[in-house]
Structures are given as C-alpha cells and as structure tokens.
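Can you build the whole structure from these sequences, using the hints too?
Same order as they appear, the protein sequences are chains A and B.
Going by numbering that gives the first Met the number 0, 87 is the number at position 88 of the first sequence; the sequence numbering is gapless.
Going by numbering that gives the first Met the number 0, 391 is the number at position 392 of the second sequence; the sequence numbering is gapless.
It is possible that some hints are incorrect.
Coverage of chain B stretches by chain A, computed from C-beta distances (three or more under 8 Å per stretch; other residues unrestricted) [said to hold, decoys possible]: (1) 320 to 327; (2) 333 to 339.
Heads up, incomplete: computed chain A residues facing chain B, CB under 7 Å, no partners named [unchecked claim]: (3) Gln41; (4) Ala79; (5) Thr83; (6) Phe103; (7) Arg170; (8) Trp211; (9) Ile213; (10) Gly220.
It is worth saying that the hints were derived from the structure and are not from the lab.
Idealized CB from N, CA, C, for every residue including glycine.
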Amino acid sequence: MPTRILLVEDDAALGQQVVETLSRAGFEPHWVRDGDDARSLQPDEYSVVVLDLMLPGTYGMDLLKRYRAKSEVPVLILSARDDTADKIRALGLGADDYVTKPFFPEELLARIQACLRRPNLSSTERIVVGAITVDFEHREVIASGGTLSLTPVELEILSTLARRKGAAVTRDALVEAALDPAQESSRRTLDVHISRLRSKLGENAAQLETVWGIGYRLSEGP
Amino acid sequence: MKLRARLALTLGIAAVSLLVIMGWAQSRWHSRMRVDALAEAAVHRMESGGRERCEANPEGWPTPRRDAESRRRAGPRNHRLPPHRLFAYDSSFQSRNPASPVFPTELAQQLGTGNDVAVSRSDDPRRAQVAVRMPWQEGPCAIVLMRAKGPPPWFSAAVLMPALLVALVVIMVALFAAGPLVRRVRQLTESVRRLGSDAEAPIEIDGNDEIAELGAAFEQSRRTIEAQLASLRDREAALRNYIANTTHDVMLPLSVLQGHLVSLQQRMEAGETLDANAIVPSIEESQYLGSLLHNLNAAARLEATEGLAHRNTVNLNTLVERVVERHRPVASRKQVALEMAVPERAVELEGDLTLLEQALGNLVQNAVRYNKAGGHIAVVLRGDSRSWSLDVIDDGPGIPEEDRDRVLKPSFRGTEARTRHPHGMGLGLHIVSDVARRHRLALALGETEGGGLTVTLRPGLDT
Numbered sequence: 000m001p002t003r004i005l006l007v008e009d010d011a012a013l014g015q016q017v018v019e020t021l022s023r024a025g026f027e028p029h030w031v032r033d034g035d036d037a038r039s040l041q042p043d044e045y046s047v048v049v050l051d052l053m054l055p056g057t058y059g060m061d062l063l064k065r066y067r068a069k070s071e072v073p074v075l076i077l078s079a080r081d082d083t084a085d086k087i088r089a090l091g092l093g094a095d096d097y098v099t100k101p102f103f104p105e106e107l108l109a110r111i112q113a114c115l116r117r118p119n120l121s122s123t124e125r126i127v128v129g130a131i132t133v134d135f136e137h138r139e140v141i142a143s144g145g146t147l148s149l150t151p152v153e154l155e156i157l158s159t160l161a162r163r164k165g166a167a168v169t170r171d172a173l174v175e176a177a178l179d180p181a182q183e184s185s186r187r188t189l190d191v192h193i194s195r196l197r198s199k200l201g202e203n204a205a206q207l208e209t210v211w212g213i214g215y216r217l218s219e220g221p
Numbered sequence: 000m001k002l003r004a005r006l007a008l009t010l011g012i013a014a015v016s017l018l019v020i021m022g023w024a025q026s027r028w029h030s031r032m033r034v035d036a037l038a039e040a041a042v043h044r045m046e047s048g049g050r051e052r053c054e055a056n057p058e059g060w061p062t063p064r065r066d067a068e069s070r071r072r073a074g075p076r077n078h079r080l081p082p083h084r085l086f087a088y089d090s091s092f093q094s095r096n097p098a099s100p101v102f103p104t105e106l107a108q109q110l111g112t113g114n115d116v117a118v119s120r121s122d123d124p125r126r127a128q129v130a131v132r133m134p135w136q137e138g139p140c141a142i143v144l145m146r147a148k149g150p151p152p153w154f155s156a157a158v159l160m161p162a163l164l165v166a167l168v169v170i171m172v173a174l175f176a177a178g179p180l181v182r183r184v185r186q187l188t189e190s191v192r193r194l195g196s197d198a199e200a201p202i203e204i205d206g207n208d209e210i211a212e213l214g215a216a217f218e219q220s221r222r223t224i225e226a227q228l229a230s231l232r233d234r235e236a237a238l239r240n241y242i243a244n245t246t247h248d249v250m251l252p253l254s255v256l257q258g259h260l261v262s263l264q265q266r267m268e269a270g271e272t273l274d275a276n277a278i279v280p281s282i283e284e285s286q287y288l289g290s291l292l293h294n295l296n297a298a299a300r301l302e303a304t305e306g307l308a309h310r311n312t313v314n315l316n317t318l319v320e321r322v323v324e325r326h327r328p329v330a331s332r333k334q335v336a337l338e339m340a341v342p343e344r345a346v347e348l349e350g351d352l353t354l355l356e357q358a359l360g361n362l363v364q365n366a367v368r369y370n371k372a373g374g375h376i377a378v379v380l381r382g383d384s385r386s387w388s389l390d391v392i393d394d395g396p397g398i399p400e401e402d403r404d405r406v407l408k409p410s411f412r413g414t415e416a417r418t419r420h421p422h423g424m425g426l427g428l429h430i431v432s433d434v435a436r437r438h439r440l441a442l443a444l445g446e447t448e449g450g451g452l453t454v455t456l457r458p459g460l461d462t
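Below, the structure written as structure tokens:
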C-alpha cells in the first residue's frame, strides 16, 4: 500500500510540483489548497503531513495545533519565512521538522523520509545491512550466508558501523569504540583493521565504504 | 477667560468676601456694644431730668423733638448712639402713653428673673430692643424701653466703601503681577506651537517655577520624539539601502541564470544534443539566488540587533543533517561528494536556529560552489554539548592564508563585502563570522590536508 501524504499548500505551481515529486517517489499525495478545507481532514489517515504555514483561511499554525491535538502523525512545515520565532513556535507546537523555501524536490523527499524513519527501533539483537547481518547476541557476523571469522576489534568496528547503518562514522568514533584511544598508533592501525575486514567480507566489501574526510560507513550496498 | 482676567476676578472675589465677613463680624460686635450704650444712655437720661419730665407728663413722654435731640447727644462713653425711640412703663409693664407699644413679653420675662437690663436680639438687627429697669422701681417711668430704628450699620458705606476699594486695589495688583506670568505662558505656547513646523527648535523657558518645569518637560518630550524620528529616518534609510543592495545582488545571479537558460535554449534550437549536466549551472544559480536572499535577510536582521533576538535549544545533529540535505541536490549534480557525520548523542547549544542554520549553510554552499567535479566535502560534528567541534572540510581551492582574517572580519555594512567577492562569498562568510561571534563560538579557517579549506566552529570564544 503506498504511503499517503497530505499536502496543505495554497500555491498552485508549487503544490503541483510537490505532488509530482511525491508521486514520482512512490507516495500517494493528497493535495488540499485551503486551510479551512484541511481542517475537516483526519490527519491519522496519512503517514506524513506537509503543511505550508502561510495559508488562506485557517492559518497553518492553527492547523498544526488542531492536527497535533488528535494525532501523532509527523508534520513537516513548509516555510517561506526566515523567521526563527515561527520555526520555534511550529516545533514547539509539535511539528517534526521544517523545510525553508526555496527547496529542491530531493530535499523535501529527504525530510519526508526522515519523518517516516523517526520511529526507528532497530533491534538490539541483530542488525541486517544489505547482505551483512551482525548478530550481537552471539557476537558473530554473517555475510552472504557464511559466518565470518573476525577478531574482537573487527567485530567491534563492524558492530559500531552496523548500529549506525547508512551513516558515516568518524575514525575517532571507531577508534573509541574498538581500539585503545589513548594509544597514538590506534588511529593508524584502524586502516589496517578495515583493510583486513574488507578482505574477509569478500564480495560484500563494497558495503564498507570509505567516506572522505570522515571515516567509514556500512551501507546497504550499491 | 484669559489667565490674567481669571486671576484678577478670583482675587477680587476673595478680597470682597473677606471684607464682607470682617464687616459682618464688626457689626455684630458693634451691635453688642450698642446695647450697653443704649442701656447706659437710658439711665443717664432718666437721671439727668428725664424722670421728672416723664413722671410729670407720662401720657406725652417723650416728646418727639427731645427724642431727636437726645439722639445727637453723646452718651456717657462718647458712643454715637444709633437712632432709637424711648417708651416709659410702670413696674407692671403698662404705659400711660397710648402711643407706646405693648411691652414685649420676652423682655418682661427677662426683667422678671431679676435682671435690670433685658435685650431682644431678633434676626433683623433693626428690631433690636433694650429694656432697662430704673433704680427707683416705682411710678409710671420705672421701666424704659428703647427701640432701635434705621438700617443696620453693616450696610453702611463705611463698611462697603473700603471693601470695594481694597477689592479694586487687589484686582489691579493681580493684573499687574500676572503680567510676567502670562508673558511666560505665551512664550511657552509659541515654542510648543513652533514644534509643528520645526521639531528641532528647542523649548527654552528660564526660571525655576512651575512654568519652567512645564517647559523642561516639553523639551524633554521634544528630544525623545526627535530621537525617535531620527531613528525612524535611519531605519527608513537602512531599508531603502537594503532594498537597493538586494536588488543589485539579486540581479547579478538572475542575469547569470537567464544567460544559462537562453544559451541552453539556443543550443537546443541549433540542434545540439545536450546532456543533463548542461542544466546544472542553472540549477546551482537558482539555489544560489535563494540562499542569497536568505543571507541578505540575515544580514539585515544582524544589522538591526545586537546579540541574539532568539535563544532556544538548537540540536546541532539535526541542523547538520538538514543543511547537508539542503545542499546535496546541487552537490550531487556537480558531482561533488557531500557527506556528514554526527555523534550518536545529540549536541545541543543555546542559540538562534535560523542564524546558525544560515551560517552552516553558507559554509557548505561555499564549499560546493567553489569545488569541482570529483571534489569532496565533509561536515563533521564531534563531541558532546559541553565540548564539541563542527568541521566543514573540502578539497576545493581553499583561501590563501593572508586573506583568511580579512574575509572573516565581522562587518558587512556597505558594499565592501559584496565588491570584494562579487559573487557573494564575502557576504556569506561575514554572516558566518558574525553569527559565530554572537553565539560566542570560535571560528577558524585552516587548510585541509592535501589542499582545500577546513572551517571549524567550536564553543568558547572569549569576547
């Protein structure tokens, strides 16, 4: 079932663009142009609400208050105003995030996906990242069906990356988690450990990416 | 009514009232004295031959002529006696003279209780009556009744004339004394009236009285209004300046954008096959326009206030994420890798969300804008809320060491910042520098290992 998204936006051109962007991204957008019309809608029927603050009829802030009173649906604010007070007020009223106009379609999609991700309760027992599964309970890593034989340092590095799957993790954070941060040589040996880890991952080595200027990332794969 | 006339009238009325009250009090005192005088005069007259004449002719006594004569004669204490008439009665209050009135009961009662003199003071002073029991207490002339007649003395010209004279003098003095006062009030009125046409003329009233105080209060208000007006004019000028600068700054990238689009259209018309990358400069320029407007807005707000207008808890992790996602569309089209890393626990600081986001956005945007295809940018947040650092690292062209201090100088007033970096980089960095200063953050520009710019923000700037 496609994810339904409620868009409350009065501008015809912008609204049309957002609807197209959302449709292309596989969402099912429902576009309402008037704040008063939006009042009668049930926010719980949508996975995300994208709300313009400057609306004819009911002011966006009132709509936000109204939705928040009866639903926990994530609300993303579209704001043309570069006004901190407005943003702080919207966030204070329970908005989850905001996007300042002008924005690229990708930025809006990224924010919507972040809203959808929010109740992300990753398992504490095992995390699956693409073809790699990290089993915390049994302290083992399974890649492409086979259990890898890893040293404790390599396991700790991979666990740290898996816990933050998809996100870049700094070298400092990895050294802190898996090596002795007090030792000056630790930072250099990290690269050696990663290199060995990659060779053990074999065909899945590409999932362990080097991130320029930061460190490493465990991604879902190409 | 004018001030001077009102003052004179008030003082005149007060003087007349005071004199009338004094006259009335005096007349009361006089009338009391008169009773004694009348009583003594009656005894004196009867003893000096009056008794004999009365007893000799009780039916006709007193003769009107003698009565008039007696009025002119001075009494024993040299009191001028008021006009009065005498009537004689025996000890049982009966008169032989048919012209005599019936003896007043009130006086009879007073004499009956043993008094030798009885006085009747009615509200009308003209009806004052005095009865005196003579020492001999027998015969038809044992009791003498005296009746005053004529107007009460306090209506006399003797009281009214001085009252009128004093009132007149008081009014004259008041009119004369009010002169300088009135002149000062008029002077103040003129000064205040002039305010309407020339707000810069000061209001000056000499002296240390209430009028001078009033003048000083007016002058104080005038200065306040003058200052407010000046501040309004300054703001208006700043706004005009802002609009002019904004227009100028926006026209440039807009022209570039139009140029890109027209060139694309012409190349397509000429039958040239364009790859998708050809449109990237237009996209970048349009994004730059948006961020330029945000920067101009931020600059205007920073110029309008000292310190921070808003102070809330800002989550730097989400801020970094939001800024990176905002610039990723342009970066990826330019084939510049834009990455970020934040610690697991949120780093928080107190500050202005919009300004911090704008500042970080400027750093990232500059890194994207001046980088080339295949370049890298990393935004890295480290540490915790107490001690953190935020690096924007790129492998672009960097900024020569000798220029680094200059581009951070926290001043974007005038056009200096814009002309120095025609494409707006200056304005962006100045905003970063100013926002950092206001959040007491240290801002450092350094060189990336292997070339490029690394900008670091961290708490702990000593002002």
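Now for the hints, and whether the structure bears them out:
1. 320 to 327: holds (count 5)
2. 333 to 339: holds (count 3)
3. Gln41: violated (28 Å)
4. Ala79: violated (10 Å)
5. Thr83: Since the shortest Cβ distance to chain B is 4 Å, the answer is holds.
6. Phe103: holds (4 Å)
7. Arg170: violated (10 Å)
8. Trp211: holds (4 Å)
9. Ile213: holds (4 Å)
10. Gly220: violated (17 Å)
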